[in-house]
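Combine the two chains into a complex, taking the hints into account.
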Amino acid sequence: MAYIAHSESDRQEMLKALGVESFDALIESVPAEARLKKPLNLPPALSEMEAVTHLQALADQNRRGLLFVGGGAYDHYIPAAVRHILLRPEFYTAYTPYQAEVSQGTLQAIFEYQSLICELTGMEVANASMYDGGSALAEAALMALHHTGRDQILVADNLNPFYRQILQTYLNDQPVELIEIPLQDGAVDQAALQALLSERTAAVLVQNPNFYGIVEDLDGLAEPIHQAGGLLVVSVDPISLSLLKPPGAYGADIVVGEGQALGNPLNFGGPYLGLFASRRALIRRMPGRIVGVTEDGQGRRGFVTVLQTREQQIRREKATSNICTNSQLCALAATVYLSLLGREGFREVGRQCLQKSHYLAGQIEKIPGFKRRFNRPFFKEFAVSTPVPAAQIVRDLQEENIYPGLDLEKLGMGEGLLIAVTEKRSRQEMDRLVAALKTYQA
Amino acid sequence: MYKKLIFELDRGEVEQNYFSELDVPEEELEDLLPPSALRREPIGLPEVAENEVIRHFIALSTLNYHVDKGIYPLGSCTMKYNPKVNEDTSALPGFAGLHPLQPEESVQGALQLMYELQELLKEIVGMRAITLQPAAGAHGELTGCLMIRKYHKVRGQARNTMLVPDSAHGTNPASVTIAGMKTLEVKSDDRGLVDLDDLKAKLGPDVAGLMLTNPSTLGIFEENILEISELVHEAGGLMYMDGANLNALLGIVRPGDLGFDVLHINLHKTFSVPHGGGGPGSGPVAVSERLKDFLPVPIVSRHEDKYFWDYEIPHSIGKMLTFWGNFAALVRAYTYIRMHGAEGLRRIAETAILNANYLLKRLEGALELPFPTRPMHEFVLSAHSLMKETGVKTLDIAKRLLDFGVHAPTIYFPLVVKEALMIEPTESESKAMLDYFATTLRHIVQEAKEDPQLLKEAPHATPVGRLNELKANKELVVRWHNK
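Line order of the protein sequences matches chains B and Y.
Using my numbering, the first residue of the first sequence is number 82, and each one after it goes up by one.
Using my numbering, the first residue of the second sequence is number -12, and each one after it goes up by one.
Bound-form chain Y, shown alone (with noise of 0.2 angstroms):
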């Protein structure tokens, strides 16, 4: 019954108790809006009462997995526990009643609260500055270059051209493209890491810096790092450190301290924002010394004990977003920091290391691992072989993992393994849910030798079969129509 879209439910007419009375005189609507800018036609909105209304999209939410349902372990995505005091405190009124533009005076408390996610960011991240403005991690890569491009036009060099690892998240290259640049792509050598002579070969005037994500997409922590930093700028680039993975580093290790000069936080993997299946996140920017007379304006700023928004950033490139930033997002990442403190999030990052190191050791001889180095905090498999022996694709084995009621992981990524299946278990997975899914994933490879064709038609169990997305693509029904 509840199978339907909302406009499939429209009864034509239907009570409601939503607002007030209009309480002032009313007036004709053609004398205050002239009749050529009048909508003609009634607006093809349904009418469905809320009752019904609810019943349709609790419906809907029934046919989702969830992080709330069990592990998802979607590799570089970080699909840890989205603890729910952050749903209360980022919904207190006095944060989401609060209007953007209100005067400084009247918004001490939420100013207060950025100046110091700022501090408490800048302290875990080893960096000098800070803005909370980039609304997504891929919004941050963009700020981030966009700091870079205009730091070498500053200082009279054109400097067109930013290197990126083969293993590097697609969102990479995008963000380099529209700040204006071209990207160069640095191998990985045979242990995963960044291949140091084509990385030599690479560097010249035209570089403006390099790219990287560490740990890598392969889970693996970049142990040239400081040399790296160092070739770098000694070619007059700069140092941009991917965060999406971040959470292996908490309290172990700061990317300021290992040379980079700018880094984007993803505030919905790291810090526990909940991700709202597909957004909204934040992506802070954390800058070195170098950068920070270039960040977007305002960041928040302290004079005595007055709060303000601070436009005295020398060389800002400008602004990013709107107003300042994704601030329920900043409110739920501050309330997550502070109950965590310099030893909880230590624990997090060594928990989410040991969870990694051992499903990977649960699956030890189950698929291939190409990089047969010790991951931190995720780690990538192959089904290369498996494929060549079954027929079984890694996209069949993550189809069938749905039907043991877990989420599968991080598909064809990175692009430099075949057949990839990049599994990030977080810290929040308990060692029961690990060896659950280790046991499942084993049984499935299991199945894929003795019956292929279950694997090649699964889902079996899900709200629908395995979708067509040909069809999909080639109709391109992206919006319903009222026949």
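Extracted from the complex, chain B is given alone in its bound form (with noise of 0.2 angstroms):
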């Protein structure tokens, strides 16, 4: 199937207006020894039927159970009517909106998509969308390392593992140095931060929740650094932001995060959302597009990507950074979520995130060798110590198709198991994840 329009007798008309007897008098461009002497070494075309049978065949292959798996990406309800709005062609067979006057549909979803993230997190400008979390964060580091022209980046050790290895890949080639933040009970030890922060330091770079799941006080942190000259960065999980108080509340310069949670699939991993979000002095600083209002010559509202003498297409090897191609659709499901969900429904799946996690927590805790890890407040996420390897029992717990959570030890986190609980895990279901952990009581 090649969903080309052409009969034969229109290729043959297109030729012959060319003036060309077949098409190989088109590419005489091509050397011939440059060219394939055989074709494609490819699998026989399928008809559409044969693929949906084979796709669906790959996807039964998949074993899907009972998930209590975050690790940064997180199984929350997502509303029928946000995939119906993202199966419009008008928004996800568009392109990147260039023509603004055709384009409004986009560059209006996408302003208020900018303002719902500024909303969340406290911040006064917010770009259309970085690729997911953990590039988020590493062009966050880039654009600190820019703004101050320092060399050094400090990094919490319980910021998500992935995070930290695409910030080494991203920074490998730079005259900088990172250098990790120790911890007190799985939380930011505050004291040991402010003694490193030194002249050199461009960003301090945290998350909360942490990738425990801890709540972390950063009350006071912001101060220390900015007397220092540096920036604090901050990754969060957009869904905390129901509850906790925003990170612009607290000083942050720079708020990035994985907006997964907020209306997109697991998909396995991707695509996702990164949320980028800044003080409004940043704003020239800032990697990616960014819509901003503006009116037509009859004074009608409209809207238009602005600041774009910071981006690639302009910029060249001078840009803020290399982007092009971002998530906007994954943003528009965001958009689609919270706007759905407002005020009330986001702050109801805080509520339940909050109290199951808490609920989990105490139930696993009353099982003999089972022990919260950190004495630290958490939102959805928390760490246990566990009487076997959580190795263990994340590979038996798998034949009755239950995900028990990621074995932080794999992670290089420590041991036991890092749970993580949304809004979707009903108490009966929790109740069996219990039940089958306490076979491994001790």
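Honestly, the hints are just simulated from the structure, not real lab data.
These figures come from a predicted structure and were not determined experimentally.
Any given hint could be a false lead.
[Said to hold, decoys possible] One side of the interface only, derived from the structure: several residues of chain B facing chain Y at Cβ under 10 angstroms:
| hint | residue |
| --- | --- |
| 1 | TYR179 |
| 2 | GLN255 |
| 3 | LEU325 |
[Unchecked claim] Cross-link-like lysine-lysine pairs, in silico, DSS-like; alpha carbons within 25 angstroms at most:
| hint | chain 1 | residue 1 | chain 2 | residue 2 |
| --- | --- | --- | --- | --- |
| 4 | B | LYS505 | B | LYS519 |
| 5 | B | LYS119 | Y | LYS140 |
| 6 | Y | LYS293 | B | LYS491 |
| 7 | Y | LYS109 | Y | LYS293 |
| 8 | B | LYS399 | B | LYS452 |
| 9 | Y | LYS279 | Y | LYS293 |
| 10 | Y | LYS169 | Y | LYS140 |
| 11 | Y | LYS(-9) | Y | LYS461 |
| 12 | Y | LYS109 | B | LYS118 |
| 13 | B | LYS399 | Y | LYS405 |
| 14 | Y | LYS375 | Y | LYS443 |
| 15 | Y | LYS375 | Y | LYS436 |
| 16 | Y | LYS443 | Y | LYS458 |
| 17 | B | LYS399 | Y | LYS174 |
| 18 | B | LYS399 | Y | LYS189 |
| 19 | Y | LYS436 | Y | LYS380 |
| 20 | Y | LYS140 | Y | LYS279 |
| 21 | Y | LYS187 | Y | LYS140 |
| 22 | B | LYS399 | Y | LYS461 |
| 23 | Y | LYS187 | Y | LYS174 |
| 24 | B | LYS491 | B | LYS452 |
| 25 | B | LYS97 | Y | LYS348 |
| 26 | Y | LYS56 | Y | LYS71 |
| 27 | Y | LYS405 | Y | LYS375 |
| 28 | Y | LYS461 | Y | LYS436 |
| 29 | Y | LYS380 | Y | LYS458 |
| 30 | Y | LYS169 | B | LYS399 |
Backbone N, C-alpha and C fix where the C-beta goes; we use that ideal spot for every residue, glycine too.
This is the structure we're talking about:
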């Protein structure tokens, strides 16, 4: 199936108009010795019916069960209306809004998205999206390095290990030093952090809630960082901001995060949504597209991309970032999701995550041999130490189609299980996990 | 009525019923979280009933042009038809509902799909190994540049300069910078090809590689490509191919056979993944033998009948994305490739080339063709003479095209052409649509001569008229505020 509209006579007519006998005359510039001598070695073409059957068979080989796995991707409920809007070809088959007059739908949606992200994070400006939470954090580090002209980044040891790997990869070839911030009982050790601040500090990178699910106490952190001339960068789970104080309220300069939880399916890891917001003073350093309000000749409100002189298509090697394609459709999902839920619905998601995760933590702590690893407040995810290696529990329970959480040791984050609970997990499901874990009791 | 912002539809409080009642005993919020950590002000989200939310977004959608509506001839963007079946296969619950950190045993179908896509793409581009991780073309470029940098480093060489032709996409030099290297521009010759003398003069011990788009952004195949590869390799550099224009090559020629060491593939261009209004895309990076030990981790490998995450890549640059890649895009591309097979893919390239050549023919004489070389899948015209004659700019032509229900080409790019219009019809357009587009553009050129003001004030038939960008950039209102 080639989705090609021409009949053979169309094709002949077109070749005739070009004054050539055959197609080969059109590719004479391709040196003969460089051309493929035989057809590509690919499996035979499938009909749509066969393709659907084949893809369904592959999908059926994947197992889905009771998910208590998080670690940066979460199984939240997505109202049906979100997908229906995303399936509008007006949105999903459009390109980047280069011709603003015929892209007002996308542009206004971006403006609304930017506004919503500002509301969530307590920041003054947000961009139209980045690839995902990890790459957004790396871009935030680059932005801080450029802004301050300094060469050290302090990174909390409890930041998502995948994010730290990306950071390392992005900064490998830069003259930059990454320094780990020590922890105390799973949270950032503020005194140790302050001792690390210097005139070389470009930024301090923390995650809240951190990778262990702990709600960090970041009050008073921004002041010494700012005094040292650095920036505070906070990576967030946007769902937590339904209940938690926005990073803008404790002095963050840049807020990034994984926006998947806002109306996007798990999709085996992507596409996801990189959130990126900052103080207004930093807007000219921001990566990615930004949309602003304007009007046409008749005074009608309209939206256009602004500050394009930061971007690669104008600035080339001096651009603030190389990003071009972003996660627009995932940002649209987030916009529709937050619009559907509203103040009360969004708060309800946060309330249920908080209450249910605490119920489950309480039940698990009653099992001899299981203990919460940290005596810290948490939001929807928590770490427990286990009487047998977590890897064994993960392996065993898979047979019962229960995915009890992440094996922290495998991720280099100490021992035990990292368990995530969203509003989707019912009490009955949590009790099923508890019953399964009881078989390991000490 | 539906021209408001979602915030302007806020009703204060509306009923909804998305979630089950809380089924565990509720504790006081302040007992679970320290009061100092809590949000004090209610969050500024609008309260709007679902039916009104739907009308709002449907109203917005009607303001967009899109490829399901008509021709979208943005050069180097490959705005082809996005098959509907892809939306269904990528949304199968067995894919969409998978958590990226589930154990390998539970995601064998997904891993098999990724493994097979790796194999298919390697065969299509003639490369030795591949990563599906990068999220977009520019992300793939960065991946490739980091690999090239590390390749030289491991061999004890501090090569720091990437050669980039003056006709290259802006992402190329931007990616080079982020990879910690410098860009050195190579000139185009009078046919739009890489100027071999300039290339030779710039090759030296500091050159890490050459980043080339082939066919170039002028739509022209680099006919000296084999010689170029040899020159660069002899000088110790590596060959990077920007795969934005890969659509023109399917089944005809493979970048691996041209001497390229690394290539990013835009699945959202060549392999029909929709553009989504700006993303998400997917930018797998395929490499030659030289670079296979530098790929990001993990790739998918197979042992007997079992697929697994393979971290055994000796000099891996590390990780580019939080998880494994934009999987839902991979499912779409896989569906597309399996439904085409070798013959189908070649027919795509042939038709894309035929369409571009036919459209160029139909436009002969209307605007200048600055590089009169037969194009592959796209071509670049210039309105420079027309501007001198009438005062009408390329921008005005683009805006006027919108009035006729077609989308404008890419404009003012590549930078080597003044008042450029870069036109890529893709294989998806019918002869009738190509005829309509050509007739329309010719008509507009005529209008420019007779009534230039009409164009300078265009568009006239769009949801809004020409928008004041100066005002937007001056005022920088980039978010809604509750007054």
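- Verify the proposed pairing of B:LYS119 with Y:LYS140, using a straight-line Cα cut of 25 angstroms. violated, 38 angstroms
- Message: Would the hint linking B:LYS399 and Y:LYS405 be met if the CA-CA limit is 25 angstroms?
- Response: holds, 22 angstroms
- Message: With the threshold set at 25 angstroms, check whether the alpha-carbon distance from Y:LYS380 to Y:LYS458 stays at or below it.
- Response: holds, 21 angstroms
- Straight-line alpha-carbon gap Y:LYS436 to Y:LYS380, limit 25 angstroms: holds, 12 angstroms
- Query: Within 25 angstroms, alpha carbon to alpha carbon, are Y:LYS109 and Y:LYS293?
  - Reply: holds, 20 angstroms
- Query: Keeping to a limit of 25 angstroms between CA atoms, is the pair of Y:LYS(-9) and Y:LYS461 held or broken?
  - Reply: OK: Y:LYS(-9) and Y:LYS461 at ~23 angstroms, within 25 angstroms.
- Message: Hinted pair, alpha-carbon criterion (25 angstroms max): B:LYS491, B:LYS452. Please report holds or violated.
- Response: holds, 19 angstroms
- Query: When you check the alpha-carbon spacing of Y:LYS375 and Y:LYS443, does it fall within 25 angstroms?
  - Reply: With Cα atoms ~14 angstroms apart, Y:LYS375 and Y:LYS443 stay inside 25 angstroms; holds.
- Message: Checking one constraint from the list: CA of Y:LYS169 to CA of B:LYS399, max 25 angstroms. Satisfied?
- Response: holds, 11 angstroms
- Sort out whether Y:LYS174 lies within 25 angstroms of Y:LYS187, counting only the CA atoms. Given that 25 angstroms is the threshold and the Cα spacing comes to 11 angstroms, the pair holds.
- Query: Is Y:LYS375 close enough to Y:LYS436, meaning Cα to Cα at most 25 angstroms?
  - Reply: Given pair Y:LYS375, Y:LYS436 holds - Cα atoms ~11 angstroms apart, limit 25 angstroms.
- B:LYS505 and B:LYS519: Cα distance at most 25 angstroms? holds, 23 angstroms
Comparing the model with each earlier hint shows violations of hints 5, 8, 28; every other hint is respected.
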